[in-house]
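Asks: Could you slot chain B onto chain A? The hints should help.
If you read the sequences in order, they're chains A and B. The numbers in our numbering rise by one with no breaks, and the one at position 121 of the first sequence is 121. The numbers in our numbering rise by one with no breaks, and the one at position 116 of the second sequence is 116.
Treat the hints with caution; some may be incorrect.
[What the hints assert, rightly or not] Quick list of in silico lysine-lysine cross-link-like pairs, BS3-like style, CA-CA up to 25 angstroms: (1) A:163 to B:112; (2) B:45 to B:63; (3) A:310 to B:60; (4) B:55 to A:169; (5) A:310 to B:112; (6) B:82 to B:62; (7) B:62 to A:129; (8) B:45 to B:82; (9) B:63 to A:129; (10) A:129 to A:310; (11) B:55 to B:45; (12) A:310 to B:62; (13) B:55 to B:82; (14) B:55 to A:310; (15) A:129 to B:60; (16) B:82 to B:60; (17) B:82 to B:63; (18) B:55 to A:129; (19) A:151 to A:284; (20) B:45 to B:62.
These are computed hints drawn from the structure, not numbers from a lab.
Residue-level listing of the chains:
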Amino acid sequence: MLALLSGTVLLAQGTAAGQAAAAAADPSGSNWWIWPLLLFVFTVVLGIVAVLGGVGGGVLFTPLVGGFFPFHLDFVRSAGLLVALSGSLAAAPGLLRSNLASLRLALPAALLASTASAFGALVGLVLPKNVVQVLLGITILFVAFLFIVSKRAEFPHVPHADKLAQVLKIHGIYYEASTGQTVEWTVWRTPVGLILFVFIGFIAGMFGLGAGWANVPVLNLVMGAPLKIAVGTSKFLLSITDTSAAWVYLNSGACLPMIVVPSVVGIMLGSFIGVKLLTIVRPKAVRYIVILLMIVAGIRPLLQGLGIWK
Amino acid sequence: MSDKGKAVEIPREQQVYATVLYWGMLIGMGLLIMTFILYMFGVLKPFIPVTELPKLWGMKVKKFVEVTQVPTGWNWVYHLDKGDFLNYIGIAILAGLQVLGFIILFPFYVAKRDVPFSIIVLAEIVVLLLAITGVIHLAE
Numbered sequence: 001m002l003a004l005l006s007g008t009v010l011l012a013q014g015t016a017a018g019q020a021a022a023a024a025a026d027p028s029g030s031n032w033w034i035w036p037l038l039l040f041v042f043t044v045v046l047g048i049v050a051v052l053g054g055v056g057g058g059v060l061f062t063p064l065v066g067g068f069f070p071f072h073l074d075f076v077r078s079a080g081l082l083v084a085l086s087g088s089l090a091a092a093p094g095l096l097r098s099n100l101a102s103l104r105l106a107l108p109a110a111l112l113a114s115t116a117s118a119f120g121a122l123v124g125l126v127l128p129k130n131v132v133q134v135l136l137g138i139t140i141l142f143v144a145f146l147f148i149v150s151k152r153a154e155f156p157h158v159p160h161a162d163k164l165a166q167v168l169k170i171h172g173i174y175y176e177a178s179t180g181q182t183v184e185w186t187v188w189r190t191p192v193g194l195i196l197f198v199f200i201g202f203i204a205g206m207f208g209l210g211a212g213w214a215n216v217p218v219l220n221l222v223m224g225a226p227l228k229i230a231v232g233t234s235k236f237l238l239s240i241t242d243t244s245a246a247w248v249y250l251n252s253g254a255c256l257p258m259i260v261v262p263s264v265v266g267i268m269l270g271s272f273i274g275v276k277l278l279t280i281v282r283p284k285a286v287r288y289i290v291i292l293l294m295i296v297a298g299i300r301p302l303l304q305g306l307g308i309w310k
Numbered sequence: 001m002s003d004k005g006k007a008v009e010i011p012r013e014q015q016v017y018a019t020v021l022y023w024g025m026l027i028g029m030g031l032l033i034m035t036f037i038l039y040m041f042g043v044l045k046p047f048i049p050v051t052e053l054p055k056l057w058g059m060k061v062k063k064f065v066e067v068t069q070v071p072t073g074w075n076w077v078y079h080l081d082k083g084d085f086l087n088y089i090g091i092a093i094l095a096g097l098q099v100l101g102f103i104i105l106f107p108f109y110v111a112k113r114d115v116p117f118s119i120i121v122l123a124e125i126v127v128l129l130l131a132i133t134g135v136i137h138l139a140e
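Next up, chain A with everything else stripped away, as it sits in the complex (with noise of 0.2 angstroms):
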């Protein structure tokens, strides 16, 4: 696995001066399915490797793929959004019909939060490429400080529910396998969460990130929601988040099929052999190469943007 995300590091390297080598070279462009095949082979070994890892593939795909494929930025954050999109899609059906993922807990945070991702979208299209590259590798390295530091509480104490919270009836219940009981909870601080969730949205729309990062640690350690349902409502959410702000790169013409398509179909073609490895795959092995690939993924973006590394 780290082989194959080596050459691919290796192989784009080259990817600034290579693309115009290329085209020099190959001026009937006959060698085009190079690059969209790479990114299918790349994005199921990345999909496998988010599932063991414990990370929604969207928060890798973006500074990578940047980073590391000749296509630009604004390409790569559209099709992370819609990469973030499916994977939540796929995954929002169940969680719902377990309760594991709750409407009244993720639909006003949505809202605030696909709000701000359409406006950081806008934002993040007018932005210079190295502005933007050096703020997603500064975003993607707290990211990865973030998954190394924070503690998570599977039922953190909440001492009473909030008066939004209360307004806004967020509790519920689910079926705990591991207990075999059923778990009422409620939330805590929901207008402090609620604000968070406006930066979470507008973070997310502007490099074209899944927000589980963020979304996960605001619901269970701010709010106080059981981990699972932080974890099933987070995935949820990303699906509402990400829907406003990939619009704005649609409608703006950053969609390309040819990036769009393998990235999706091989990122849920990864998670999907993920779960199945998941059973004999040691998971502290698998956290320490999901850390190391997040700090290659916002060195790289950061020296790209500051020129250093090309």
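Replies: Quick look at chain B alone, frame taken from chain A:
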């Protein structure tokens, strides 16, 4: 917090919404794969020849649109006879599925006289429609 006796009841609107997402996802993904196969095998002539793509996909979108004259907004619907734009049907279904879900959800909350959630769902429909129809767009 835990209770062995309580049954987990899934709200009716949540079940209906899940069913809409499930079928929409299947249809959208199926169409996406089928139209991409048609595109790859050149069954329909694309708007942008695939051999031209390596010269174009490194451009910022604004320049890409200028150079290729690709339709923006919803003008792709007039080019569904082109292999590349045919793929937009599946993409649009996947990216537009949530608004359909919300339109179906809205009457449930109204019938329950759940004012806060009726307003939230209605506002969400408006936001998504503004994005989908291109009202939220880059100024020239």
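Asks: Return the numbers of the hints above that this structure violates; sort them in rising order.
Replies: The structure breaks hints 4 and 5; every other hint is satisfied.
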